[in-house]
Amino acid sequence: GNSVTQMEGPVTLSEEAFLTINCTYTATGYPSLFWYVQYPGEGLQLLLKATKADDKGSNKGFEATYRKETTSFHLEKGSVQVSDSAVYFCALRDSNYQLIWGAGTKLIIKP
Amino acid sequence: EAQVTQNPRYLITVTGKKLTVTCSQNMNHEYMSWYRQDPGLGLRQIYYSMNVEVTDKGDVPEGYKVSRKEKRNFPLILESPSPNQTSLYFCASSSWTGGGTDTQYFGPGTRLTVL
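Listed in order, the protein sequences are those of chains D and E. Going by the numbering used here, 92 is the number at position 92 of the first sequence; the sequence numbering is gapless. Going by the numbering used here, 103 is the number at position 103 of the second sequence; the sequence numbering is gapless.
Note that these hints are calculated values from the structure, not bench results. Check before you lean on any hint, since a few could be wrong.
Cβ-to-Cβ under 8 Å is the rule here; a few derived chain D residues that face chain E [claimed, not checked]:
#	residue
1	G43
2	K49
3	Y97
4	W101
Straight-line C-alpha distance at most 16 Å; calculated EDC-like pairs for lysine to aspartate or glutamate [claimed, not checked]:
#	chain 1	residue 1	chain 2	residue 2
5	E	K65	E	E53
6	E	K18	E	E62
7	D	K52	E	D102
8	D	K68	D	D54
9	D	K106	E	D38
Glycine included, each C-beta is placed from N, C-alpha and C at the ideal position.
Whenever a hint applies, use it, and build me the whole structure from the sequences.
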């Protein structure tokens, strides 16, 4: 069946460091891929998405490229801020419309 | 403002006492869903609904019921709550344009504790 695997956290970085959170998936067909972010005490909100191979989603300085050949959708940011501290979820949505979630990666940014 | 609202935000109850968590969206979305979030397990889908009067089980439906009598509302019902249903619950909605590209919008969450 479909699945999403994220790197385990927490990931702890200093401010202005480069961020990568790995996400790989297993799916039949051509799923859409998403990154959601959950700030402390809040619900999830969409960060970015990509709907087909080689698409790049971007938002708030974050980027992720849909790589079908490696079945990956890694999240990157060139210079993180303390305000980026949150839990990040990778997810795919298959043609049956179901969202399959990764376990989430907690990101801690230290000043 | 486009939003998904849930009530209550926090609830402490006792085993066996029926409860309902309401969910409402104002975006005219066809698709609605309930998730629970537990540490280390990410989000797990409880039930979902493709449209009015159309509901189906997700990954962890045991102990829960839902109904979709109106497009905007999708309440989650726990007929006889048990301590293993202590969790953080999220309602979500999205449009249905086919192909799975639509973004889900999430409510703020309901933290439920069952004693």
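So, going through the hints one by one against the coordinates:
no.: 1; hint: G43; in the structure: holds, 4 Å
no.: 2; hint: K49; in the structure: holds, 7 Å
no.: 3; hint: Y97; in the structure: holds, 6 Å
no.: 4; hint: W101; in the structure: holds, 5 Å
no.: 5; hint: E:K65 to E:E53; in the structure: holds, 13 Å
no.: 6; hint: E:K18 to E:E62; in the structure: holds, 15 Å
no.: 7; hint: D:K52 to E:D102; in the structure: holds, 13 Å
no.: 8; hint: D:K68 to D:D54; in the structure: holds, 7 Å
no.: 9; hint: D:K106 to E:D38; in the structure: holds, 14 Å
Hint compliance for this structure: no hint is broken.
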